[in-house]
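Start from the sequences, fold in the hints, and give me the full structure.
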Amino acid sequence: FACTYNLLPGSCTWSITTKSGRLSRIVLEESVSIDNEAAVGEKISAVSGRRGLHRQLYVQILLAICLGGFIGHFFPTTGEALRPLGDAFIKLVKMVIAPVIFLTVTTGIAGMRDLQSLGSVALKAFGYFLVVSTFALFVGLAVGNLIKPGAGMGVDPATLDAGAIASYVARAHEQSLAGFLLHVIPDTVVGAFAQGEILQVLFFAILFGICLGFAGSRAAPVVALLQSVGDIFFRLIHLLMEAAPLGALAA
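For the sequence shown, our numbering assigns the number 7 to the initial residue and increments by one for each residue that follows.
If you are wondering where the hints come from, they were derived from the structure by calculation, not from laboratory data. Heads up, a few of these hints could be off.
The calculated label-pair distances, taken between Cβ atoms and stated as ranges, are [claimed, not checked]:
{"hint": "1", "residue 1": "GLY169", "residue 2": "ALA249", "range": "39 to 45 Å"}
{"hint": "2", "residue 1": "VAL235", "residue 2": "ALA87", "range": "23 to 29 Å"}
{"hint": "3", "residue 1": "LYS130", "residue 2": "ALA164", "range": "42 to 48 Å"}
{"hint": "4", "residue 1": "ALA249", "residue 2": "GLU86", "range": "15 to 21 Å"}
{"hint": "5", "residue 1": "LEU187", "residue 2": "PHE141", "range": "39 to 45 Å"}
{"hint": "6", "residue 1": "ILE243", "residue 2": "ASP93", "range": "14 to 20 Å"}
{"hint": "7", "residue 1": "TYR174", "residue 2": "ILE71", "range": "37 to 43 Å"}
{"hint": "8", "residue 1": "GLY202", "residue 2": "GLY92", "range": "36 to 42 Å"}
{"hint": "9", "residue 1": "LEU69", "residue 2": "TYR174", "range": "18 to 24 Å"}
Cβ atoms here follow ideal geometry from the backbone N, Cα and C, with glycine treated the same way.
Okay, structure coming up:
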C-alpha cells in the first residue's frame, strides 16, 4: 500500500491506499504524539492487516498448487493443455533475472564507502553460497532416499529417453576447473545477458560496480540512473508475481 500523511492542528492524518484501490484513513488524536512512530505503525498495521487471507499471494499459490494437482489427477488432458501457461510464467521470471542481478550487485558495490571491505563481503557471500548449497544438496538426498518420489508409478527406467539428458552428461564429463573459470568470463557483455548466463552477468556486474566506486562523484549520475532502473525492474517483478498463482496452477 501507499501511505501519505498530513499534519493537522492537534492530529496526524494518514491516508493508506491498498492495491485494490480502497482508501482508509487514520486520525491520531492529540493523545498520540506525532513523533510516536510506534503508535502510528500499529495503526497502519491494523488497517493493512484487514486484507482477507485470500488476498495473500502465498495463500493463492498454495491453493493454485492444490487445484492444479486435482486437475492433473482427475483431468490429465486439461492439465497437459495448461502446461504452456506454466512455461510462459517461468520464461517471464527468467527474463528479468539477469538485469536484476546486474542492477542490484552494481549499485550495491558502487554504494560501498570502503571498497577495501569488498573482499571480506565477497568471501562471506561465497561461504554463504557454499553452506546453503550443501544444505540444499543434503535435503535433496534425504528426500530422494526417504520419501522416494516417483516410486509406485510403474515406470520402467529402460524405456526412458536417455538422449534428453545426454548433452548435460557430456558437458559434466568435459567440465574442468580451468574451463569453468574461463566460462565465467563472457565473450561479450551483450552475449552474457542474451544467453542468460548468470555467472557471467555477475562477474561483469562486480567489475562494473568496482569501477563505478573508483570513479567517485563522476559516476554519481550513472549510479542514480541504475538505481532508478532497478526500482522499475522490481516493480516489474511485483507485477509478474501477480501471475504466480496461474503459473503454479499450470505447472
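Hints, verified against the model:
1. GLY169 to ALA249: 39 to 45 Å: Hint violated: Cβ distance 33 Å, outside 39 to 45 Å.
2. VAL235 to ALA87: 23 to 29 Å: violated (37 Å)
3. LYS130 to ALA164: 42 to 48 Å: Since the Cβ atoms of LYS130 and ALA164 sit about 47 Å apart, the hinted range of 42 to 48 Å holds.
4. ALA249 to GLU86: 15 to 21 Å: Given a distance of about 20 Å, which is inside 15 to 21 Å, the answer is holds.
5. LEU187 to PHE141: 39 to 45 Å: Roughly 25 Å apart at Cβ, these two residues miss the hinted range, so it is violated.
6. ILE243 to ASP93: 14 to 20 Å: This hint holds: roughly 19 Å between Cβ atoms.
7. TYR174 to ILE71: 37 to 43 Å: violated (27 Å)
8. GLY202 to GLY92: 36 to 42 Å: violated (18 Å)
9. LEU69 to TYR174: 18 to 24 Å: violated (34 Å)
Hint check: violations occur at hints 1, 2, 5, 7, 8, 9; the rest are consistent with the structure.
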